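So the chains spell out like this:
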Amino acid sequence: MEQIIANGIYLGAQYAMIALGLTLIFALMNVLNFAHGQMYVLGGFVTYTFYGQLGWPFVLALLASCITLAILGALIEKFLFAPVIRRSSREESTMLLAAGLAFLFDAVILLVFGEKQRGVPKIINGVFNWDFRLIMPYDRILICALAILSIVGFILFMQYSKTGRALRALAQDRTAAQLMGVNVDRYSMIGFALGAMLAGLVGGLLVTITGVNLGMGGPTSIKAFMMVMIGGAGVISGAIAGGIILGFLEAIGLAVLSQYGDITYLLIFVSLMIFLAIRPQGLMGKPWG
Amino acid sequence: MSNLLEVRHVTKKFGGLTANNNISFNVHENEILSVIGPNGAGKSTLFKMISSFLPTTSGEVLFRGERISNLKPHVVARKGVVRTFQETTIFKSMTVRESIVVAQHLRARASLAGYFWGTKTAHEDVDSFGQYADDLIEFLGMTPIAHELASNLPQGNLRALGIAIGLATDPQVLLLDEPFAGMNHDETMKMVNLVRKVRDDRGVTVLLVEHDMPAVMNISDRIVVLNFGEMIAEGTPSDIQNNDKVIEAYLGSADDEIGI
Amino acid sequence: MPKLNTFQWAGLAAFLFAVFFAVPAFVAASGRTDLYYTLTSVALLSIASAGVWLTFYIGRINIGQGAFALIGAYASAILVTKAGMSFWLSLPLAGLFAAGVAILIGLPILRLRGVYFAMISLVLTQVVTLTALALPITNGAKGITSIPLPGAVSVFGLTLIPDFATLENPRLAFYYTACALMVITFAAMYRLVNSRLGHLCRSMQQNEELAASIGVNIAYIRIIVFAISSFLGGIGGAMFGSIAQSVYPSSFQVADSVNFMLNCFLGGLGYVFGPMLGTLVLYFGWDLLFELGRYQLLVYSGLLIILMLVLPNGLLSLRLGKGGGQGR
Chain A
-9 MEQIIANGIY LGAQYAMIAL GLTLIFALMN VLNFAHGQMY VLGGFVTYTF YGQLGWPFVL
51 ALLASCITLA ILGALIEKFL FAPVIRRSSR EESTMLLAAG LAFLFDAVIL LVFGEKQRGV
111 PKIINGVFNW DFRLIMPYDR ILICALAILS IVGFILFMQY SKTGRALRAL AQDRTAAQLM
171 GVNVDRYSMI GFALGAMLAG LVGGLLVTIT GVNLGMGGPT SIKAFMMVMI GGAGVISGAI
231 AGGIILGFLE AIGLAVLSQY GDITYLLIFV SLMIFLAIRP QGLMGKPWG
Chain B
4 MSNLLEVRHV TKKFGGLTAN NNISFNVHEN EILSVIGPNG AGKSTLFKMI SSFLPTTSGE
64 VLFRGERISN LKPHVVARKG VVRTFQETTI FKSMTVRESI VVAQHLRARA SLAGYFWGTK
124 TAHEDVDSFG QYADDLIEFL GMTPIAHELA SNLPQGNLRA LGIAIGLATD PQVLLLDEPF
184 AGMNHDETMK MVNLVRKVRD DRGVTVLLVE HDMPAVMNIS DRIVVLNFGE MIAEGTPSDI
244 QNNDKVIEAY LGSADDEIGI
Chain C
317 MPKLNTFQWA GLAAFLFAVF FAVPAFVAAS GRTDLYYTLT SVALLSIASA GVWLTFYIGR
377 INIGQGAFAL IGAYASAILV TKAGMSFWLS LPLAGLFAAG VAILIGLPIL RLRGVYFAMI
437 SLVLTQVVTL TALALPITNG AKGITSIPLP GAVSVFGLTL IPDFATLENP RLAFYYTACA
497 LMVITFAAMY RLVNSRLGHL CRSMQQNEEL AASIGVNIAY IRIIVFAISS FLGGIGGAMF
557 GSIAQSVYPS SFQVADSVNF MLNCFLGGLG YVFGPMLGTL VLYFGWDLLF ELGRYQLLVY
617 SGLLIILMLV LPNGLLSLRL GKGGGQGR
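Protein chains in written order, with this note's numbering: chain A, -9 to 279; chain B, 4 to 263; chain C, 317 to 644.
Because the hints were derived from the structure by calculation, they are not lab data.
Be aware that a few hints might be false.
[What the hints assert, rightly or not] Computed footprint of chain B on chain C; a stretch qualifies when at least three of its residues, placed anywhere within it, have a C-beta under 8 angstroms from a C-beta of chain B:
#, stretch
1, 505 to 513
2, 516 to 528
3, 569 to 579
[Stated by the list, open to error] Computed spacing ranges between beta-carbons, pair by pair:
#, chain 1, residue 1, chain 2, residue 2, range
4, B, R112, A, I145, 57 to 63 angstroms
5, C, I622, B, G19, 51 to 57 angstroms
6, C, T322, B, R112, 30 to 36 angstroms
7, B, E151, A, M170, 33 to 39 angstroms
8, A, V142, B, Q158, 30 to 36 angstroms
9, B, S131, A, A72, 44 to 50 angstroms
10, A, V246, C, Y536, 36 to 42 angstroms
11, A, I114, C, L604, 47 to 53 angstroms
12, B, A149, C, F331, 32 to 38 angstroms
13, C, L604, A, G116, 51 to 57 angstroms
14, A, V246, C, W404, 54 to 60 angstroms
15, A, G109, B, T60, 34 to 40 angstroms
16, C, A468, B, A116, 29 to 35 angstroms
All values reported here derive from a predicted model rather than from experimental measurement.
We treat Cβ as the ideally placed atom computed from N, Cα and C, and that holds for glycine.
Next up, chain A with everything else stripped away, as it sits in the complex:
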């Protein structure tokens, strides 16, 4: 029992971070970022390069992941999404662009880092063991704590900083924000950069535990979509709730149903569909957000 709860928190915290970035981008620009999983993988590879290959301190490598992805996100928004949104007659066109980007990132990762699974040295050794009731390696505990800290930091940032307030105004009502004097173009770019940075940060954190490989992008995106659907698209609290719920479902499923193979996910999918039939806007979403 304790083990399941601990695993749930550990998974939930990292999932919530992934979902936060996705939901932020969605809330600001109404863009469903298919490339989010790839951004996460890219973040993992950056940390892998600086920490695993070049031997930088882990924290600096993590910072490098954040900065790389933030710059990448900003550039993508400015030169790709913003022009397409401006010129397209349908908002769905951004989905094609996002899908193209997902392919592009996959291609870049393939060329630069190859297909192989990459890992990095452990940041701390040792395992926390409480009477065999709860076993968890120290590095997982650390990563989990860092993830929770980042989430708290993100919420505080959104709540109290000037940028955060502008972003929230923008997410709530684009036109009203513009009337209030928010520079919409600039904050869309900042928001996209922030969302990409969050993906890169989780990638960097998790590379120390799960390693990273090319194929992780797509499935990560799908999980992120599910979390956003559970919690409600475009809502920060919803993304966190969705992440934690999915984390716990997975932890429980793996503990209880592991002998049946992939059935955990099948059950999660089916319950998600039933849930959405009853509550289409997710837990905390606005109707038809």
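Fit chains B and C to the supplied structure of chain A, relying on the hints for placement.
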């Protein structure tokens, strides 16, 4: 005078908030009845319940003695009670004529498969839709804009297009959602004449919700007044003008909202 | 009812001539029989994409066609291998089975709109893959293999379709079959879009509430359209299974579902023939870039992005919406 539409003890609660409390009134055949009230009086909630776009919490709405509340909107439309929307709800990338042709869905006699295979009935339907659309366009004086895209029309024409779409279904009762909102005096008078013409020439009973008082006084046979979700008065325009409760309700609210 | 003008008739005749005579003649002359496989794939993928396009037409972004293609492929494979049914009978049944599943799934999920529907449809492919892995009848990860080639069909001793296994070149036979199916599909789509159902779809795409207010049973139309869409997905999938003579849980993946969507976007969502053109361009583009080896994906995705920047409304938007498809 027979009761075409009966609103019986209709109540709507959103959580702890009562939007409509125990509202009852009748709409007679071939009359124009307006529901008015200050902002937040519960007019649009009532409107949505009558057209089944919202379920009631309790009470019911009858049309020719048949319940039409708590059904699907399209079922209510099929029975002959059709609502319009405010101007933003249109078929943006269809022309005026296309919109009116599509809106004759209820008059179709051939099945969907019949249209696909092009049966004789389907061909007759298509011809009759076109004919009816042209008649309606002429009736409403929209001939010059018949082939304009809806998204290119100015506001006043959009309101008329909304009514045209509603009329294309050949309704018995037309429910109009704030047909005069945001219009200047001339536009309002044009719309008043149009609504009257619809009732006089086509025999359509009209129920409208509105807060433009002068227009309502001008057009209505009878008026129902709501305030804070309660029905506070019912009667002819002159009754309503001299009703103390109504005067109080309107004086109690911000003057600029009334439009007097 | 739509009537084709002379120019459109000529275009149609040229298209049919190219598909059924010019291409086989070219292949015979050049000896490039590999083209058959490519073009057969394009034809089948464009059938499935046409289904996706139709769901776009009621305003739903469908990224789940891979799920129905997989369902169709399994349904046909099981009917042929386990029940010994003729492939030609299993083909429509596979489509109908996919449509039936679509009705069941569609009842809850078609209430969702916008991004929500897009996301849940994306998840569908994964669900079907996992189901195929879990069920005994689909034979788990091993899949269904050694599916016999389509047999002969004869009426009163007259052979309408020969047994593919006895043919010298089954590839050509599959090519003809796929193209015939594609032509039928798009003719039906054109007809449908220009008939009353198409007009109702368009009214729903633009405003569901207004459509409901004029008496359109929007829930019913949504289900019908989703069922037709999935029927086409099932047909496409079943044909693929028959050509490959095998079906695995990974035969259609999330990436395939995304590709079906891309085909539609690329061709242009306002045009019935958009998915056909989109599929052709994307598939051939991918194939042509094969020479680039490890840079294939890079260049392909780069081109896709550039195309999006230059033509955000699809390839057929170059024609500025004249004729072709937009129902009027």
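So, going through the hints one by one against the coordinates:
1. 505 to 513: holds (count 5)
2. 516 to 528: Result for this restraint: holds, n = 8.
3. 569 to 579: With 0 residues close enough to chain B, the hint is violated.
4. R112(B) to I145(A): 57 to 63 angstroms: holds, 60 angstroms
5. I622(C) to G19(B): 51 to 57 angstroms: holds, 56 angstroms
6. T322(C) to R112(B): 30 to 36 angstroms: holds, 33 angstroms
7. E151(B) to M170(A): 33 to 39 angstroms: Holds - the Cβ-Cβ distance for E151(B) and M170(A), about 35 angstroms, lies within 33 to 39 angstroms.
8. V142(A) to Q158(B): 30 to 36 angstroms: violated, 48 angstroms
9. S131(B) to A72(A): 44 to 50 angstroms: holds, 49 angstroms
10. V246(A) to Y536(C): 36 to 42 angstroms: Given a distance of about 40 angstroms, which is inside 36 to 42 angstroms, the answer is holds.
11. I114(A) to L604(C): 47 to 53 angstroms: holds, 51 angstroms
12. A149(B) to F331(C): 32 to 38 angstroms: Holds, at about 35 angstroms.
13. L604(C) to G116(A): 51 to 57 angstroms: holds, 54 angstroms
14. V246(A) to W404(C): 54 to 60 angstroms: Given a distance of about 46 angstroms, which is not inside 54 to 60 angstroms, the answer is violated.
15. G109(A) to T60(B): 34 to 40 angstroms: violated, 60 angstroms
16. A468(C) to A116(B): 29 to 35 angstroms: holds, 32 angstroms
In this structure, the hints that do not hold are numbers 3, 8, 14 and 15, in rising order.
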